[in-house]
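Student: So the sequence lines, in the order shown, correspond to chains C and H. Read in order, the letters of the first sequence are residues 1 to 249 in my numbering. Read in order, the letters of the second sequence are residues 1 to 469 in my numbering.
It is worth saying that the hints were derived from the structure and are not from the lab. Built from N, CA and C at the ideal position, the CB exists for glycine as well. Do not take every clue at face value.
[Claimed, not checked] The following label-pair restraints were derived from C-beta to C-beta distances:
#1 Arg-207(C) <-> Glu-417(H): 25 to 33 Å
#2 Ile-119(C) <-> Phe-80(H): 51 to 59 Å
#3 Asn-244(C) <-> Lys-446(H): 53 to 61 Å
#4 Phe-80(H) <-> Ile-118(C): 45 to 53 Å
#5 Leu-462(H) <-> Gln-93(C): 18 to 26 Å
#6 Glu-14(C) <-> Asp-108(H): 57 to 65 Å
#7 Lys-65(C) <-> Glu-451(H): 39 to 47 Å
#8 Ile-13(C) <-> Lys-66(H): 57 to 65 Å
#9 Thr-58(C) <-> Glu-417(H): 17 to 25 Å
[What the hints assert, rightly or not] Subject to a maximum C-alpha distance of 25 Å in a straight line, what follows is the list of computed SDA-like cross-link-like pairs (lysine to any residue):
#10 Lys-56(C) <-> Pro-37(C)
#11 Lys-446(H) <-> Lys-56(C)
#12 Lys-122(C) <-> Pro-449(H)
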Amino acid sequence: MEALKIKGLKVEIEGKEIINSLNLDIEQGKLCAIMGPNGSGKSTLAHVLMGHPKYKVTGGEIIFKGKNILELKPDERAKLGIYLAFQYPIEVQGISFLTFMWASYKGRFSNNGKIKSIIEFKKYLEEKLALVGLDKTFVTRELNFGFSGGEKKRAEIVQMMILEPEIAIMDETDSGLDIDSLRVVAENVNKIKNPNLGILIITHYQRILNYLHPDYVHVMHKGRIIQSGTDQLAEELEKHGYANVIKNG
Amino acid sequence: MDKTQEVIINKDYAAKYGFNDEVKDYEYIANQGLNEEVVRKISELKNEPEWMLNFRLKALKIFFSKPMPSWGGDLSKIIFDDITYFMRASKNANNWEEVPEKIRKTFDRLGIPEAEKKFLGGVGAQYESEAVYHSLKKELSDKGIIFTDMDTALQLYPELVKKYFGTIVPAGDNKFAALNSAVWSGGSFVYVPKDTKVEFPLQAYFRINSKNLGQFERTLIIVDEGAQVHYVEGCTAPIYSTDSLHAAVVEVIALKSSKVRYTTIQNWSTNVYNLVTKRAFAHENSTVEWVDGNLGSKLTMKYPAVYMVGRGAKAEILSIAFAGKGQHQDAGAKAVHLASDTTSRITSKSISKDGGRASYRGLVRVIKGAKNVKANVVCDALLLDENSRSDTYPNIEIDEEGTTMAHEAKVGKIGEEQIFYLMSRGLTEAEAATMIVLGFIQPFTKELPMEYAVELNRLIQLEMEGSIG
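This is chain C alone, in the form it adopts within the complex (with noise of 0.2 Å):
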């Protein structure tokens, strides 16, 4: 199994320090969670994964097949197999869901995708949605416009499912849901689980975790890893808040 190598990452935003020499792992076939409080640079951590201009990287390196791919584009990273699930989707008007998703498809896997036809592809794609409880007028909706923040979510799962990728960044995909959502949520991402698959889920709460289990459980303070567990490090968060663990930290 590959894994997704993080080595003493250092990543500014316009001039001020978010990420502090991090190392990380991301285990294909393994569920890792990073935890923390707002401002610990969890979100940042996932945008300069996949690769967003925004943010400045002063050091490390992050290798993924043999690949320093902080030199490579996000849709570079995308090819590769890297899948970014936004904490906000982005709206883009005038463009259908089915238009924007045979595109990233093809895109995706080259045109050497299983799905040749536009046409079988919108039968695959209607599938996909049913299963995270999206009817089939989601392919013809314009790009999450319109969208409960709950369908968006549901929506990046779906994207997910579709795209087939081998490392999935969740960034706060459990913020805003409801039960109901939150559980379908986190349902379709057991099922999309496998021995190729290494998943890192970024969240406040343990309670998306009581449903995935995660194989380790980081807490992220200030830009780096302060301390890592398994399970039992996110009950004992939710139950005594993030306060001791930065203390001891």
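Please build the complex by placing chain H on the supplied structure of chain C, with the hints as guidance.
Tutor: Chain H in isolation, oriented as in the chain C frame:
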């Protein structure tokens, strides 16, 4: 966009639309330059009635007396003496087999006969100054629908033409309308009888092939009470280093309770001045829709207008403009409310790229006494880089209290977060930008017949290719 990419795009336009078909055996070519003799010769060649010759001569005087417009785009490079005002390539045929082979091949390459078979009710093809082909499905002509070129209409339906010609756009309306009125040739004539619905679109295609040619088609559409029609026009030309001039006049009469949609996809090569006057009179409870797409040309000045002359009339004007390198699209719309209970909606979208300039110039006018008027204007501009430009000139003249008027204008750039989101799914930066642009104009595209929508998206993709990153 660097030089290489620009060449590629120009090459693509050249391959698809910009080819020169080397037709040399013209039946008649007027001497360059404009004078009374040229006008008389055109009228004589067309065997016109005297009233039309007089109309032309009067218009010529107006043209000479009017100064060049000082607003809009840069018109100073037009040299009227260098322009050829009339070229006859071939007589008008109603069967593609009778069209001279070289010209027929041109329209084959442009896909016109194929589209005709698939989904059109009638087709007109104009090459240089006159129609070379015109046909209408038999079931439509059986219903009394007339679709022919303007020259033929003047011969066959002189009374109908005389009754309406020049009544919507008088010769003195503006300098280029005067020019058109003096030297007009070709264009479409459409008449739809009472309560008749034309189920398939009628299409006209305008092609300029020669250098320095002026094309001055004149279109007149009369839709009788309760009737409906969708008319579509397209246009292209080869790329030359010297400029051509296209100055058309379009007059639409929508009688009581009728409905007209007029769709244009203007894709002239970037050496064409496109200065067009388009105007409709909308009578009681009628609806007039202009769907106006401007992609090509060096300079376009065009403001499709609807004069709502009858109670309850509706105007819908939807336009897009794409201004690339060296292009100025000065486009817009006019909604003139001359009666009560009239409604207008103007939606304008523009994209400027590589130093191109897109301007929205519009007018909403409500006269005193026109009660319960509703007018809505939305202008959205998208700037793709720092060098490009967008302007908005919305003129609003409301003389009646109680008018409901909404105006909204936005200028934006493609959002970094949108690009990042699309790229995170495997689209390149250029693909992401193209997708956002296509989404931006989708409110326009969705109004087009499917075949045109596909073609328009392809054209935009072409314009966008390699433009970013």
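Student: For each hint, tell me whether it holds in the structure or not.
Tutor: Outcome of the hint check:
Taking the beta carbon of each, Arg-207(C) and Glu-417(H) are about 28 Å apart, inside 25 to 33 Å as hinted. Taking 51 to 59 Å as the suggested C-beta distance range, the pair Ile-119(C) and Phe-80(H) conforms, at roughly 54 Å. Taking the beta carbon of each, Asn-244(C) and Lys-446(H) are about 57 Å apart, inside 53 to 61 Å as hinted. Checked against the hint of 45 to 53 Å, the pair Phe-80(H) and Ile-118(C) passes, with Cβ atoms roughly 51 Å apart.
A C-beta distance of roughly 22 Å is found between Leu-462(H) and Gln-93(C), which places it inside the suggested range of 18 to 26 Å. For the hinted restraint 57 to 65 Å between Glu-14(C) and Asp-108(H), the CB-CB distance of approximately 58 Å keeps it satisfied. Against the hinted window of 39 to 47 Å, the Cβ-Cβ separation of Lys-65(C) and Glu-451(H) comes to about 44 Å, which satisfies the hint. Our hint of 57 to 65 Å for Ile-13(C) and Lys-66(H) holds, since their Cβ atoms are close to 59 Å apart.
Thr-58(C) and Glu-417(H) have their C-beta atoms about 23 Å apart, which keeps the hinted 17 to 25 Å range intact. A distance of roughly 22 Å separates the Cα atoms of Lys-56(C) and Pro-37(C); the hinted pair therefore holds under the 25 Å criterion. About 41 Å separates the Cα atoms of Lys-446(H) and Lys-56(C), which puts this hinted pair outside 25 Å; it is violated. For the hint pairing Lys-122(C) with Pro-449(H), the CA-to-CA distance comes to about 22 Å; that is within 25 Å, so the pair holds.
Comparing the model with each numbered hint stated earlier shows that hint 11 is the single one that does not hold.
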